[in-house]
Amino acid sequence: MPYQKPIIYSTFDPNSCVCHFRSRFVEVCCPQHPEAHLIEDYRAGDQICSECGLVVGDRVIDVGSEWRTFSNEKANNDPSRVGGPENPLLNGSDLSTIIGPGAGGASFDGFGNSKYQNRRSMSSSDRALINAFREISNMADKINLPKTIVDRANLLFKQVHDGKNLKGRSNDAIASASLYIACRQEGVPRTFKEICAVSKISKKEIGRCFKLILKALETQVDLITTGDFMSRFCSNLGLPTFAQKAATHIARKAVDLDIVPGRSPISVAAAAIYMASQASDDKRTQKDIGDIAGVADVTIRQSYKLMYPHAKELFPDDFKFSTPIELLPPL
Amino acid sequence: MEVVCGGRFLSPSFSGAWRESTSGDNTRSIIDQSQMGEQEQVSAVMEDEKVIKEEDLEVDPEPVLDIIINNVVSSFSVACHLDLHHLALHGNNVELRKENGVLTMKLRKPPTTASIWSSGKITCTGSTSECQARLAGRRIARCVQKMGYNVKFRNFRIVNVLGTCSLPFAIKITPFSQKHRDAASYEPELHPGVTYRIEHPKATLKIFSTGSITVTAPSIANVQNAIEHIYPLVREFGKARSEEEMAEYRRNQARKQFPILNFEDVEEDLSSSEIEEYWEPM
Numbered sequence: 219m220p221y222q223k224p225i226i227y228s229t230f231d232p233n234s235c236v237c238h239f240r241s242r243f244v245e246v247c248c249p250q251h252p253e254a255h256l257i258e259d260y261r262a263g264d265q266i267c268s269e270c271g272l273v274v275g276d277r278v279i280d281v282g283s284e285w286r287t288f289s290n291e292k293a294n295n296d297p298s299r300v301g302g303p304e305n306p307l308l309n310g311s312d313l314s315t316i317i318g319p320g321a322g323g324a325s326f327d328g329f330g331n332s333k334y335q336n337r338r339s340m341s342s343s344d345r346a347l348i349n350a351f352r353e354i355s356n357m358a359d360k361i362n363l364p365k366t367i368v369d370r371a372n373l374l375f376k377q378v379h380d381g382k383n384l385k386g387r388s389n390d391a392i393a394s395a396s397l398y399i400a401c402r403q404e405g406v407p408r409t410f411k412e413i414c415a416v417s418k419i420s421k422k423e424i425g426r427c428f429k430l431i432l433k434a435l436e437t438q439v440d441l442i443t444t445g446d447f448m449s450r451f452c453s454n455l456g457l458p459t460f461a462q463k464a465a466t467h468i469a470r471k472a473v474d475l476d477i478v479p480g481r482s483p484i485s486v487a488a489a490a491i492y493m494a495s496q497a498s499d500d501k502r503t504q505k506d507i508g509d510i511a512g513v514a515d516v517t518i519r520q521s522y523k524l525m526y527p528h529a530k531e532l533f534p535d536d537f538k539f540s541t542p543i544e545l546l547p548p549l
Numbered sequence: 084m085e086v087v088c089g090g091r092f093l094s095p096s097f098s099g100a101w102r103e104s105t106s107g108d109n110t111r112s113i114i115d116q117s118q119m120g121e122q123e124q125v126s127a128v129m130e131d132e133k134v135i136k137e138e139d140l141e142v143d144p145e146p147v148l149d150i151i152i153n154n155v156v157s158s159f160s161v162a163c164h165l166d167l168h169h170l171a172l173h174g175n176n177v178e179l180r181k182e183n184g185v186l187t188m189k190l191r192k193p194p195t196t197a198s199i200w201s202s203g204k205i206t207c208t209g210s211t212s213e214c215q216a217r218l219a220g221r222r223i224a225r226c227v228q229k230m231g232y233n234v235k236f237r238n239f240r241i242v243n244v245l246g247t248c249s250l251p252f253a254i255k256i257t258p259f260s261q262k263h264r265d266a267a268s269y270e271p272e273l274h275p276g277v278t279y280r281i282e283h284p285k286a287t288l289k290i291f292s293t294g295s296i297t298v299t300a301p302s303i304a305n306v307q308n309a310i311e312h313i314y315p316l317v318r319e320f321g322k323a324r325s326e327e328e329m330a331e332y333r334r335n336q337a338r339k340q341f342p343i344l345n346f347e348d349v350e351e352d353l354s355s356s357e358i359e360e361y362w363e364p365m
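For the protein sequence lines, the chains are A and B, in the order given.
Counted the way my numbering counts, the first sequence spans residues 219 to 549.
Counted the way my numbering counts, the second sequence spans residues 84 to 365.
It should be emphasised that the hints constitute simulated quantities derived from the structure, not laboratory data.
Some clues are possibly wrong.
Think about it this way: if two alpha-carbon atoms lie no more than 30 Å apart in a straight line, the pair counts; the simulated DSS-like pairs of lysine-lysine are [as the list claims (entries may be wrong)]: (1) Lys505/A x Lys471/A; (2) Lys422/A x Lys523/A; (3) Lys429/A x Lys285/B; (4) Lys433/A x Lys235/B; (5) Lys262/B x Lys189/B; (6) Lys204/B x Lys189/B; (7) Lys433/A x Lys189/B; (8) Lys385/A x Lys421/A; (9) Lys422/A x Lys411/A; (10) Lys192/B x Lys411/A; (11) Lys422/A x Lys235/B; (12) Lys204/B x Lys471/A; (13) Lys501/A x Lys360/A; (14) Lys433/A x Lys365/A; (15) Lys471/A x Lys322/B; (16) Lys471/A x Lys289/B; (17) Lys523/A x Lys255/B; (18) Lys421/A x Lys411/A; (19) Lys385/A x Lys285/B; (20) Lys285/B x Lys421/A; (21) Lys262/B x Lys429/A; (22) Lys189/B x Lys530/A.
Keep in mind the model is a prediction, meaning the values are calculated, not measured.
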């Protein structure tokens, strides 16, 4: 029998008003080295003393994944003995048992409905959380966001949900806003309009929730820059690399020289792409760029009008012009 | 600090503070109220203590900063329940919206709008000074009293004041918002201005890249203190206006010099009988 350290605790019997002291053996340890750290070997289910190598614990429960793999996934009974990995950071540990789908004749009543139905009341406290995580995952999937951003968005949602300051707001709105903040924090911001496109919440509401979440979590985000959106917009338009580099340079120069005060970085980026594409072979109209970037074409026109007089300073030095600067459209 | 109804608004503390910092060249002048017309203006003299070293930073020749109060929102109670339906049928210039449960009464002089609830609470908006707001409140209460309610003028307080100010220079808002991360919030996608909140005095300022500043605060004194507080912070991010911006700025200033409403003239035209008619229930 493995040597165990005694832990003494007391129980109080209310009927007889007597306190009993009992010792219960809970922790295992090596008999020669009681204070030594135990190394756990999950494959064999052992606990080994780090000093002398004595195996002190056995038949330890294996918390790894199922090691038997099955190619026949369409079988009625799923022979896997474990469920999916639990999500300990984001849920309360859900260790309830659920009744599986029935197989065989006995589990169906006369009408063909399964007798034991308990799909309800799984985890009522986390129901909102699980719904929100599913929404975030769906939204991220539509715009191909990686798992790191989804995880960060889930974490933000959980923090907001626990804080309870935004309790009255729609969960979908908070989910969209936390996805937006996650993209910002990872350094790959998405515009509000892009998040609106995959969510059913209006831009106004997402903006409101965004500000409230920043206040509730007391965090700040970096300001968006023109360069964050260049690669995405240009590849969506199918522009060649040198045009994209030129557009990035134009937008950065325009902001540095402060030619476009008070204009949103998205509009400046769109105008820079227009200028670069018009100077190269692959020309794009303001309408095309406006559709991709989510800005109106009059907005692009306004920013372009501010940038056009300074076109000479904005272009990079090594840019080869298919259309020279003088022939750029002044609209 | 005295506040004279309908008159000039001076802040001795403010002028005193700036007196120390002047070089002494420019004379101090408070713009006379009568020159500017009815719109209440708090004029304060701002001195540019830094000698202008950069030749491109040109400041507008007049060194005076006008703070214009656009809106004063006040709230009070008449201390008795009101029958909004009866008021809507028998009152002048009233409009009842049943879905909100609010009666709107518009006054011509001073031009204000009051929202009246059946509990007797009234919110009055549209005034341009503290005493004008009080006067409007009393007129509303008088209108309600004339329709037969036992009215008392209780708990009058100013809830919100909106003031605007146009600085003589443009502002680089991106570096400004980066420096003041804790108090300033700038989201170019949502709003073109920086929202700057200050705790003491309590105020919210919206700072735009053209140099205009909008302040909302619980009192007129707070508006002035907020502008004083923000001026040095914004000054270091000032930049000269380009030609188009200067043209735009001048156009805006010209529009503000000749306000559409000028109720001093209206007051002379109204005879006493007209006032009686205006208040009589239909």
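A quick look at each hint next to the structure:
no. : hint                : verdict
1   : Lys505/A x Lys471/A : 24 Å, holds
2   : Lys422/A x Lys523/A : 29 Å, holds
3   : Lys429/A x Lys285/B : 19 Å, holds
4   : Lys433/A x Lys235/B : 41 Å, violated
5   : Lys262/B x Lys189/B : 45 Å, violated
6   : Lys204/B x Lys189/B : 16 Å, holds
7   : Lys433/A x Lys189/B : 38 Å, violated
8   : Lys385/A x Lys421/A : 19 Å, holds
9   : Lys422/A x Lys411/A : 10 Å, holds
10  : Lys192/B x Lys411/A : 45 Å, violated
11  : Lys422/A x Lys235/B : 42 Å, violated
12  : Lys204/B x Lys471/A : 56 Å, violated
13  : Lys501/A x Lys360/A : 29 Å, holds
14  : Lys433/A x Lys365/A : 26 Å, holds
15  : Lys471/A x Lys322/B : 18 Å, holds
16  : Lys471/A x Lys289/B : 27 Å, holds
17  : Lys523/A x Lys255/B : 20 Å, holds
18  : Lys421/A x Lys411/A : 7 Å, holds
19  : Lys385/A x Lys285/B : 26 Å, holds
20  : Lys285/B x Lys421/A : 29 Å, holds
21  : Lys262/B x Lys429/A : 19 Å, holds
22  : Lys189/B x Lys530/A : 57 Å, violated
In summary, the structure is inconsistent with hints 4, 5, 7, 10, 11, 12, 22 from the numbered list given earlier, while agreeing with the others.
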